[in-house]
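Enquirer: Model the full assembly from the supplied sequences, consistent with the hints where possible.
Chains A, B and C, in that order, give the protein sequences.
For the first sequence, our numbering assigns the number 1 to the initial residue and increments by one for each residue that follows.
For the second sequence, our numbering assigns the number 1 to the initial residue and increments by one for each residue that follows.
For the third sequence, our numbering assigns the number 1 to the initial residue and increments by one for each residue that follows.
Since the hints were made in silico from the structure, they are not lab data.
Careful, some of the hints might be misleading.
[As the list claims (entries may be wrong)] Just the calculated beta-carbon pair ranges, DEER-fashion: (1) A:165 x B:397: 45 to 51 Å; (2) C:65 x A:94: 22 to 28 Å; (3) A:165 x C:55: 30 to 36 Å; (4) C:215 x B:408: 20 to 26 Å; (5) B:396 x C:247: 35 to 41 Å; (6) A:54 x C:129: 36 to 42 Å; (7) A:34 x C:147: 15 to 21 Å; (8) C:139 x B:266: 52 to 58 Å; (9) B:94 x C:65: 55 to 61 Å; (10) B:72 x A:137: 49 to 55 Å; (11) B:132 x C:216: 35 to 41 Å.
[To be verified] SDA-like mimics (lysine to any residue), calculated; alpha carbons at most 20 Å apart, straight line: (12) A:59 x B:271; (13) B:421 x A:27; (14) C:95 x A:128; (15) B:75 x B:130; (16) C:42 x A:100; (17) C:221 x A:193; (18) C:95 x A:121; (19) B:45 x B:133; (20) A:32 x C:118; (21) B:174 x B:371; (22) C:221 x A:186; (23) A:54 x B:269; (24) C:95 x B:290; (25) B:421 x B:409; (26) C:42 x A:93; (27) A:2 x C:161; (28) B:76 x B:40; (29) B:421 x B:127; (30) C:34 x A:114; (31) C:95 x B:319; (32) A:54 x A:82; (33) C:42 x A:82.
[To be verified] Not everything, but these chain A residues come out facing chain B in the computed CB check (under 7 Å): (34) 124; (35) 200; (36) 221; (37) 225.
We treat Cβ as the ideally placed atom computed from N, Cα and C, and that holds for glycine.
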Amino acid sequence: MKRTVPLIICSLTGFILIISWFLPAAESWGEKVTHWFDIVAAFAFVLGGANLLKIHLQKISNRRIGWGYSAVTLTAFLVTLLAGLFKINVNPSMNYPAYSWSGNYLDEGGLLWWIYEYLFVPLSATLFAMLAFYITSAAFRAFRAKNIEASILLFTAFLILLGRTYAGSLITSGLPDSLAFLRFENLTIIIMSVFNLAGSRAITIGIALGVVTTSLKLLLAVDRSYLGSD
Amino acid sequence: MVQHSIIKSCCKSVVVIATLLLLITEGYSAEPSPVEKKTSIQPAKNITIKDYPGDLGTSLIIEWELSEDDQNDPKKSFVIAYEVYRKTEKTEYKFLSQVTYQKNFYRDQECEPDKKYWYQVIAIGKNNLQSIPLESLNPGIPILQWFDSRRGWIGILMLFSCSLVVYFIWIARKGKKLKIRKIAGLDAVEEAVGRATEMGSSCLFVPGILDVNDIQTIAGITILSHVAEVTAEYETDMIVPTCRSLVMTMAREAVETAYLSAGKPDAYNEDDIYYLTDEQFGYVAGIQGTMVRDKPAACFYMGAFYAESLLLAETGNSIGAIQIAGTAMPSQLPFFVAACDYTLIGEELFAASAYLSGEPDQLGSLKGQDYGKLLCAALIIIGCTFATLSSLANHYQWGTGMESSFSSIQTYVSENILGEKGFRP
Amino acid sequence: MKNSSLLWLVIFLLAGGYLIFRTSHGDMGISYVKVTTISPEKSNVQWTQYSKASKKEAGEENVQFSWSRTIGLWVAALSTLAIFSFLYGDNVFYKISESVFIGASAGYAMAVGFWDGIVNLLLRNLTPGLMRESIIPSIPKENHADWFFIIPLILGVAMLARLLPKGGWIARWPLAFFIGATAGFRLVVFFHADFIIQIQSTILPLIVFTDGSFDWQTSLKNITIIIGVLSCLVYFFFSVEHTGIIRPISRLGIWFLMITFGAGFGYTVMGRIALLAARLEFLFSDWLWLIDVE
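Expert: Okay, here's the thing in structure tokens:
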């Protein structure tokens, strides 16, 4: 019962959605289920939030190493959550001024907007910017090419990088027209439109087959690991 | 006398030059161009109305031949647009929409099934000129289709591919042994967990940053259950920070079952699988911190990743962990390949669960996947063969019959079997 | 005290002194706002709206110094530096920023999930009248309750059964529903878009004639693409050992894949550098006012 009913639900839902794709009357069911998922994911936030509170409160109460940071996390979490749920400092909408809750939760001037603008965005952008350093260190590691495959990867990356810069165009600008295809910017186009295209297409086809097989295994209950035990 | 003749010849020259100038500059005067001289405009021709295929009977396609005054070159074209009008049995013609010049069709999506609609098309020219309306004599009737015939061939191919998978699962269940080649990244799982055990360290498993409505996440969690069995056997801690609450729920179920299967239910600690945050970079900041402080000896990244893939992989490198990654995000594969010890490329992520389980029916599904690739190769080879023959026949003029046969076969494969037309002619 | 600690202390003191000096002279890190009083027509309600103003507008009427935005600017700048400090090593500043980031982003996601998921999707469709009277007055009066949305409500509540000590198994039902839906939906979508359409795009003539003559460049390009796709597919074969004739074809396939990965790698480098440039611009322009001051 605890496993059988979910397996039946899983299979039925999946096969109904597969068939619905071929029936114009039912074509939008997949999109509808996506909206439903967004709603259930919002309910599931309660589980995540409860877990977050539990983990950090336990750390604080047991005075484990780093409990101070847990206190910071919880404070930030609760302040942000309350600011968003209660639309603190958010003005009503211009079109409906009599309705005090009509403003958007992220309107400029609100507390959630402040947290988003001055904490969330800069921190996200900075972590994103760290990639510049990490991509360089990854490239330096790849420079120690130990085999042909790594050498091909490195060489291609180098060509593409140069082809996308002004310096690259300048280096090979002296080549005659008969050898124009060897200019970095043209080599970049050839690599992207031929070799990269072929490889990407094969990866995509393989992924599609993988998705089909995995989906079938789930729908036919061959793979049940997501369900847990009885 | 001489002076008089000089003056006379000068005057003649002036007259000649002035006449010449007048003649030359006549082309640059403000005389109207041929396009601007037009006072009437040719209408569109041969209007047809067809039912739009594969819908709920809410669309009709109106097609017409372009007006003779409609040219590709905007400077030469007198037509600038076409206006489409519609009427029903109960209403008169009402304006529906306008399409630009050189466009000879319009899809009306505001119809009701089995209702009659008449259309007229008016060519609109420069200087606000309009052509006489081109009216449809017969009405168009949208029909509700229960089955989208454009997807007929896709259905057949999908059924065939799925049947292959099901067939090989069935064959494997019957006891036939199937050979699977080695996948280095998956063979290294036990080695990685063993290394963590020897070092007295933990394992870290990151199931991606998307939710359970992504198939890569589901694939990642099925791999998690197998890795959890190994860590249970080795009695090594495994931390699983998750990015979504539902993923945390599902991961807990999977790991608990794995520990149960390994006979170590007491070793399971649900707090090892915890929710961090939904936000991409908040999540990776938390994992980076965990990696640098707890220093796991083995890191597994299995699922959907975006830009944070490189952050994770490089941080793992900095702590000297053995890293096994797998994703079906083509844009992130280069970074995992460059930075991790082993990478499962695309399809290998989906094959991993079957490979690690070693169960016959799971391995049978891999065989079915391979036959899917054979189908793909066969379609490509057939299509390319006919495309090449069509090109050769067209160039060397092998005869109208041969040219059209090869061309038809190639077109049918491309547009019907693999394209949008499906069963429609 | 270690030499490195002493060095860091000196650096912090010097930097801190520099920042204090410049800030006290009003040369950096100040935010201004334009104050507008909003009085919608036919309403007694009025409020003050603050919008960002540039440094050039300071001194104008209705433009004033903003404490909250100035503090926010400093918080953003110092958090940025704290995150960058991780490149040197784990430290207390990074740990604080990380903790704040995790907490704030989790809270933000939940707030967004509540308003966009529960209120705007569920309650808007289940109780449009109530929502129109309270939170979403823009809902048209002709909208009626869509009772299909009872289903996600039931599934959502079933999900919460996970919190109960013995009711956890009920939570499997909504999970199973969405896993089944995902599997079914993705199967057809991936098969169509990533299998069929990719094959269709790969059907190319191997011999191409352009303007009546053999076009060797396009022909070579097409042949290379087809060989590349087929050899990569051979690499991905699982049920065949890569020996014999398969081995060289598979090797060719992996070379194509390495070119693909190299191309992807090289293509992304400049984009990542641009991200760093954007953050440095924020620090030097918006905070320190050393470049492009508006």
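Enquirer: Next, verify each hint and record whether it holds.
Expert: Taking the hints in turn, this is what the structure says about them:
no., hint, in the structure
1, A:165 x B:397: 45 to 51 Å, "holds (48 Å)"
2, C:65 x A:94: 22 to 28 Å, "holds (26 Å)"
3, A:165 x C:55: 30 to 36 Å, "holds (34 Å)"
4, C:215 x B:408: 20 to 26 Å, "holds (23 Å)"
5, B:396 x C:247: 35 to 41 Å, "holds (38 Å)"
6, A:54 x C:129: 36 to 42 Å, "holds (38 Å)"
7, A:34 x C:147: 15 to 21 Å, "holds (19 Å)"
8, C:139 x B:266: 52 to 58 Å, "holds (54 Å)"
9, B:94 x C:65: 55 to 61 Å, "holds (59 Å)"
10, B:72 x A:137: 49 to 55 Å, "holds (54 Å)"
11, B:132 x C:216: 35 to 41 Å, "violated (52 Å)"
12, A:59 x B:271, "holds (12 Å)"
13, B:421 x A:27, "holds (18 Å)"
14, C:95 x A:128, "holds (17 Å)"
15, B:75 x B:130, "holds (18 Å)"
16, C:42 x A:100, "holds (15 Å)"
17, C:221 x A:193, "holds (9 Å)"
18, C:95 x A:121, "holds (18 Å)"
19, B:45 x B:133, "holds (10 Å)"
20, A:32 x C:118, "holds (15 Å)"
21, B:174 x B:371, "holds (19 Å)"
22, C:221 x A:186, "holds (14 Å)"
23, A:54 x B:269, "holds (14 Å)"
24, C:95 x B:290, "holds (10 Å)"
25, B:421 x B:409, "holds (14 Å)"
26, C:42 x A:93, "holds (14 Å)"
27, A:2 x C:161, "holds (14 Å)"
28, B:76 x B:40, "holds (15 Å)"
29, B:421 x B:127, "violated (41 Å)"
30, C:34 x A:114, "holds (16 Å)"
31, C:95 x B:319, "holds (17 Å)"
32, A:54 x A:82, "holds (18 Å)"
33, C:42 x A:82, "violated (32 Å)"
34, 124, "holds (4 Å)"
35, 200, "holds (6 Å)"
36, 221, "violated (10 Å)"
37, 225, "holds (4 Å)"
Violated hints, in rising order: 11, 29, 33, 36; the structure is consistent with all others.
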